[in-house]
Every structure is written in structure tokens, then in C-alpha cells.
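Chains as they are written, first to last, in the numbering used here: chain R, 1 to 76; chain F, 1 to 258.
These are calculated hints, taken from the structure and not from any lab test.
Ideal Cβ positions, reconstructed from N, Cα and C, are used throughout, including at glycine.
There could be a bad hint or two in this list.
[As the list claims (entries may be wrong)] Examples of chain R residues lying across from chain F (beta carbon under 10 Å, computed):
no., residue
1, Gly7
2, Pro16
3, Pro28
4, Arg43
5, Gly47
6, Gly64
[Unchecked claim] A few chain F residues that don't get close to chain R, going by computed Cβ distances all over 12 Å:
no., residue
7, Gly22
8, Lys23
9, Arg32
10, Asp52
11, Asp60
12, Glu100
13, Glu113
14, Arg120
15, Lys124
16, Leu137
17, Asn166
18, Gln176
19, Ala234
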Amino acid sequence: MRVYINGESREVQGNPSLADLITQLDLPAARIAVELNREVVRRSDWGATMLHDDDRIEVVHFVGGGFVTLYESDNI
Amino acid sequence: MSRENLVIAGRTFSSRLIIGTGKYRNHDEMRRAHDASGAEMVTVAVRRVPLDRSSESFLDYLNPSLQILPNTAACFTAEDAIRTARLAREALQTDLVKLEVIGDQTTLFPDNEQTLEAARVLVKEGFVVLPYFSDDLIMAKKLLDAGCAAIMPLAAPIGSGLGVQNPANLRIMREQLPDATIIVDAGVGTASDAAIAMELGADGVLMNTAIAEAQDPAMMATAMKLAIESGRLAYLAGRMRKRLYASASSPLEGAISA
Numbered sequence: 001m002r003v004y005i006n007g008e009s010r011e012v013q014g015n016p017s018l019a020d021l022i023t024q025l026d027l028p029a030a031r032i033a034v035e036l037n038r039e040v041v042r043r044s045d046w047g048a049t050m051l052h053d054d055d056r057i058e059v060v061h062f063v064g065g066g067f068v069t070l071y072e073s074d075n076i
Numbered sequence: 001m002s003r004e005n006l007v008i009a010g011r012t013f014s015s016r017l018i019i020g021t022g023k024y025r026n027h028d029e030m031r032r033a034h035d036a037s038g039a040e041m042v043t044v045a046v047r048r049v050p051l052d053r054s055s056e057s058f059l060d061y062l063n064p065s066l067q068i069l070p071n072t073a074a075c076f077t078a079e080d081a082i083r084t085a086r087l088a089r090e091a092l093q094t095d096l097v098k099l100e101v102i103g104d105q106t107t108l109f110p111d112n113e114q115t116l117e118a119a120r121v122l123v124k125e126g127f128v129v130l131p132y133f134s135d136d137l138i139m140a141k142k143l144l145d146a147g148c149a150a151i152m153p154l155a156a157p158i159g160s161g162l163g164v165q166n167p168a169n170l171r172i173m174r175e176q177l178p179d180a181t182i183i184v185d186a187g188v189g190t191a192s193d194a195a196i197a198m199e200l201g202a203d204g205v206l207m208n209t210a211i212a213e214a215q216d217p218a219m220m221a222t223a224m225k226l227a228i229e230s231g232r233l234a235y236l237a238g239r240m241r242k243r244l245y246a247s248a249s250s251p252l253e254g255a256i257s258a
């Protein structure tokens, strides 16, 4: 099935939950937050949240920035 | 208004300086500047996790004693700012959010209308909202009426280092809103700018570039710390009245003369 993660199209195998996807992508589960189709999904609900074709997922973390917009310190 | 502490929604900070985490040359330099500043709260931005490479958590480079203030930097609509705030709350388990809705890429001036709209929604959802906005008294009142815990007027464009360009408006805001927590956000370039903001009655100053882009960020952070304390004391002490002409400090009477 195809889902969109941070705007990128990705093929995922089987019938994964959000928790499975985070594991598959090898993302650091600590201090990230996840949105599914524009709604935040709480960490405790990742396991029970099954993905569907064309789901749009945003996974965010924190970067350096005071109020300097568009500045990405993870390139340092 | 507390003399010693900055209080935001029941949280007490002994430092009136809030600083950013962007633009430093490296993480060590940032950490040294943070330590030197005495600041107890730092802002961080929310961004997509890169999928193609492993990324360590930026937060691990921060002194763990710091209060993290997530911001909605780079949001151009109320909706994006609201989504960003919700994500930040989920990741950090904090209700604090520095609300920033930008209206224009060149000036980075805030879109006050969208900011107010987002503030209303976020306050209803239980956020402690600290909005960045233009130095407008009426907007300040609306943001406070919406339930914002503090208001953050700009002093000059973000990252410009121009210093306080709007002393009259900031002074009016202070006089008209004596009970509001006002934090000057954006525009400070050097220590005297921070002192001026505090002398005008601000309760605190938020800055990033002035420290991060200094030749020696840790030294500038110390300078900012002292300037904020100095400006605060001068404000509380009450400055003398300005006069156009001289007023002798020594008695004129009894001076020798030919």
C-alpha cells in the first residue's frame, strides 16, 4: 500500500500500524510527534492505529530555531 | 509585577531572558552561550524528521534544566500554527507555545489576524500561548482578551539586530497594560538594545540572532544577561526627568570669583 510520509510517497508492506511504520522507518521514537491525516495521534495510540492507502503522515521533531524561520540546525 | 521573577502562567523564572537555539556555529557553542546567559527558557522549532538518514535528537544538546518553549516558526497560516502547536505538545508534554504566524517572507512581520485566530483556538485547547505580534496596543488587548499568558511584541524585524525601533509604542503598551506580561521579541542587536527594552518596562526579552551571530556568543550572552538585569533595575528605579538645559549638580552659591 502507498502512504505519504512527510510529503514523500512510500510503499509499505502488509497492513501496518503507525507504530510498525515508525519502526520500519527506523525513526527515533522519543521526542517525535506524529500526525495522521492532519490529526495528532498520541503515542499511546500508535499501536492501535492501522494505516490505509493514501494516508498522509507527518513525523516531526525539534530543531534549533529562535524565531529564525526556515532555519534548520540539523544540517550543522 | 514581580521585581525579581518573571511569572508566566504560574511558572516562575528568575531570568528575564529567553533565548533561541538557532544559527549557532555548533552545538557546543550554543550550550556555552545558553549557560552564560542564565536563561531558563529556550525556544525550539518543529520540523519534519528527515527520512533518509538517522537523526539524533537536537534536544539532547540542550541543558536538561532548561524549560523548552516550542515555537511555530515558519508557519504562515493559523491552521499550520495550530497543527504545529499540537504536535509540539504531544512530543514535549508541555502546554507552552510561542505562537508565530508569519505574514511575509521578506520582513518576517507577523500576520496579526491569523495570530489572533490561532491564539483563540489554542487557548481553548489549554495551551499557554505566547504570541509574537506587531507592536500594536489594540492587537495586544485582543490577544490578552483571548487568554494569552503573555504578549511578545517585536522591536524590529526578526534577525535584523536593528535595536528597539518602536520605543514609543512599547512604552504606550506598558503604560496602558500595566498588568500584562510583555516580552520584547525580535530586533535586539546588542546589549544596550536589551537594556533599552527593559527600561521601557518590558518584563523580559527574547532573542536569538544577537547572541548566536556575535563573534563570541558566550560573551555576548553574558552581556545580555547583565543588560537585562541593568535595564530592569533602571526601570524599577525610575529614571530622572529629561531637561533641555543644564542643571548643575554642585551648588552654585559660594563659588569663588574674581
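These are the hints, each one checked on the structure:
{"no.": "1", "hint": "Gly7", "verdict": "holds (8 Å)"}
{"no.": "2", "hint": "Pro16", "verdict": "violated (15 Å)"}
{"no.": "3", "hint": "Pro28", "verdict": "holds (6 Å)"}
{"no.": "4", "hint": "Arg43", "verdict": "holds (7 Å)"}
{"no.": "5", "hint": "Gly47", "verdict": "violated (15 Å)"}
{"no.": "6", "hint": "Gly64", "verdict": "holds (4 Å)"}
{"no.": "7", "hint": "Gly22", "verdict": "violated (4 Å)"}
{"no.": "8", "hint": "Lys23", "verdict": "violated (6 Å)"}
{"no.": "9", "hint": "Arg32", "verdict": "holds (14 Å)"}
{"no.": "10", "hint": "Asp52", "verdict": "violated (9 Å)"}
{"no.": "11", "hint": "Asp60", "verdict": "violated (9 Å)"}
{"no.": "12", "hint": "Glu100", "verdict": "violated (6 Å)"}
{"no.": "13", "hint": "Glu113", "verdict": "holds (18 Å)"}
{"no.": "14", "hint": "Arg120", "verdict": "holds (19 Å)"}
{"no.": "15", "hint": "Lys124", "verdict": "holds (16 Å)"}
{"no.": "16", "hint": "Leu137", "verdict": "holds (21 Å)"}
{"no.": "17", "hint": "Asn166", "verdict": "holds (17 Å)"}
{"no.": "18", "hint": "Gln176", "verdict": "holds (25 Å)"}
{"no.": "19", "hint": "Ala234", "verdict": "holds (25 Å)"}
Taken one by one, the earlier hints fail for this structure at numbers 2, 5, 7, 8, 10, 11, 12, listed in ascending order.
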